[in-house]
Amino acid sequence: MPNAMQAVGNAGRFEEVVLPHLDAAYNLARWLVRNTHDAEDVVQEACLRAFRFFGGFQGGDPRAWLLKIVRNTSYSFLEKNRPVALAEEFNEQVHVRDVPAFDAEAIMVRDVESRMLRESLEELPVNFREVVVLRELEGLSYKEIAEMIGVPIGTVMSSLARGRDRLRESLLRARAREGTRGL
Amino acid sequence: MVCDDNSRLLHGYLDGELDLIRSLEIEEHLKTCPDCAQQLWGQQTLRKAFRSSNLYERAPSGLAVRIRASLSQEVEPEADATSQPKPISILTPRPKVWNWLAVAATILLAALLTWRALPGVGGRGNSDLVAQELVASHIRSLQPGHLFDVQSTDQHTVKPWFNGKLDFSPPVRDLTEEGFPLIGGRLDYIDHRAVAALVYQRRQHLINVFIWPAEKQTDNNLHSESSQGYNMVVWERDGMYLCAVSDLSTGELQQFAQLIEK
Chain A
1 MPNAMQAVGN AGRFEEVVLP HLDAAYNLAR WLVRNTHDAE DVVQEACLRA FRFFGGFQGG
61 DPRAWLLKIV RNTSYSFLEK NRPVALAEEF NEQVHVRDVP AFDAEAIMVR DVESRMLRES
121 LEELPVNFRE VVVLRELEGL SYKEIAEMIG VPIGTVMSSL ARGRDRLRES LLRARAREGT
181 RGL
Chain B
1 MVCDDNSRLL HGYLDGELDL IRSLEIEEHL KTCPDCAQQL WGQQTLRKAF RSSNLYERAP
61 SGLAVRIRAS LSQEVEPEAD ATSQPKPISI LTPRPKVWNW LAVAATILLA ALLTWRALPG
121 VGGRGNSDLV AQELVASHIR SLQPGHLFDV QSTDQHTVKP WFNGKLDFSP PVRDLTEEGF
181 PLIGGRLDYI DHRAVAALVY QRRQHLINVF IWPAEKQTDN NLHSESSQGY NMVVWERDGM
241 YLCAVSDLST GELQQFAQLI EK
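Going line by line, the protein sequences match chains A and B. For the first sequence, my numbering assigns the number 1 to the initial residue and increments by one for each residue that follows. For the second sequence, my numbering assigns the number 1 to the initial residue and increments by one for each residue that follows.
Simulated from the structure, these hints should not be mistaken for lab results. Glycine included, C-beta positions come from ideal geometry on N, C-alpha and C. Hints are not guaranteed to be accurate.
[Stated by the list, open to error] Computed, partial: chain A to chain B, Cβ under 10 Å:
1. His21
2. Arg30
3. Ala39
4. Leu48
5. Ala85
6. Ala87
7. Asn127
8. Glu138
9. Glu147
10. Arg164
Please model the entire structure based on the sequences and the hints provided.
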C-alpha cells in the first residue's frame, strides 16, 4: 500500500505544523458555538478535515489555515444544530453614542470584570463575536480576518466597530444592574 | 471631518491598521473633538479589559488525545474499510482508539503544548497572558511600519536611543558576525510596563528580544516555550529578563540566546 507510508509521513508533518495551533482552534470554536462540549466535537471534526486537506496546504500561516477550517466547521455545526443562533439580529436601535455617560465609563476603568465581559461577548451575534474574538483574543490583523471570513478589510473594521460598541454598551448596562443590586 | 466616519476609523486607529496619513488625520481630529476622544478612551478601556481577562479558551488536554486517535484511524484504516472516506458527523462522536502509538504521540504533543512558567513583567505576572502578549507583540511588529522606532545596525546608536525612554538600560549587542545582525529597536508595552524590544535578523526570519527588569533574582536557566507557531526562549541576566520570540526553531533560538550571553 504505497499510500500508507505517505499517510504516516503526512501525519507526522501535520502534527508538527498544524496541531500546535490547537488552542487557537479550540478558542475560536468555543466562542462560535458557545459550549465546551460542542467546541471539542467541532475542533475534532475540523482537525480531521484539515488532515484530509493537508496535501493541498501550500505553506503560509498554518494557524490562519486551520482557523478557517474551524470557522467553516463551526458554521456547519450551527446551521445544522443551532439555526436560531445564526439568525440572531443585531439590535440597531441602541446607538452607543447615546450611552457613554462619563461616570459609567469611570466605573468601567476601575473594574471591568472578566465575567461581565464574557457574558457580553456571549450575547453578541455570531458575526460580530467572531471578529472581536479573532482580533482581541487571537490577535489577527484585519487582513488575516478579511481573508478568513471572505469580506473586504473595510467590512472587518465596521464589524469590529459595531461589535465593540455593543460590548461597551452591554458592559455599562451590566455594571449599572449590579450597582443597583448593591454589589 | 465627520464624526460618523471617524467612529469607524477610530477602530482602525486603535488597532494600528490605518496608513500614516489617516492616522495623522485622526490624531488631529481627536485634539478638537472630545466626543471622539471619549470614544477612543472607552475602546482602549475595553481592550485593557480583554487583555486582563481570562476569556482565551485553551483546548482541554483530553482533546489532543481524541484528535490524535482519530487521525491514527485515518492513517491506518481498518481492514474492512472501503477506500471511500467515511462520512463523518459532528453529531456522532468517533470511537476512541487507544493504541500505544496514539498514546505516545499524545504525550509528545502534550509536552509541546505545555506552557512553562514565564516571569511576569510589571503588574499581575500571569505568565500565560504575558507569553500571549509577547507573541502578539512579535506578530504586530511584523506588520508593515511596526518593526522599529530606531533602525540601525549599530549597537552604539540603538542603546543610547533608549535613554530617557525607559527606567532601565537594556543590554544591546550586535551579532552580525555570528549571523544574527541587529537591525533596530523599539519601545513596547507588555503587562502594564514599557519594555525594550531589540530586533535581530536571521536569514529571512526576524527575532524580537524583549527586555525588562527582573523583580527578584532567580537562577538564569534558559527555558523555551512555543505559542501560535512561534517559539520563545526566556532567560535572566544581570537583573533583567530577556525573552527572544521568533518563528525560528527553538534550537536556533537557543543558539542565539547563548550568543547574546557570551
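Hints and how they fare:
The restraint placing His21(A) at the interface with chain B holds, with a minimum CB-CB distance near 6 Å, inside the 10 Å limit. The restraint placing Arg30(A) at the interface with chain B holds, with a minimum CB-CB distance near 4 Å, inside the 10 Å limit. Interface hint status for Ala39(A): upheld, as the beta-carbon distance to the closest one in chain B is roughly 8 Å, under 10 Å. At a threshold of 10 Å, the smallest CB-CB gap from Leu48(A) to chain B is about 6 Å, leaving the interface hint in force.
Given the 10 Å rule on beta carbons, the hint for Ala85(A) is violated: about 15 Å separates it from the nearest Cβ of chain B. A cut of 10 Å between beta carbons decides the hint on Ala87(A): the least distance to chain B is about 19 Å, and the hint is violated. This hint is violated: Asn127(A) has a C-beta 16 Å from the nearest C-beta of chain B, more than the 10 Å allowed. For Glu138(A), the shortest C-beta to C-beta distance to chain B is roughly 8 Å, which falls under 10 Å, so the interface hint holds.
For Glu147(A), the shortest C-beta to C-beta distance to chain B is roughly 14 Å, which exceeds 10 Å, and the interface hint is violated. Satisfaction of the interface hint for Arg164(A) is found here, the shortest Cβ-Cβ separation to chain B being roughly 6 Å, below the 10 Å cut-off.
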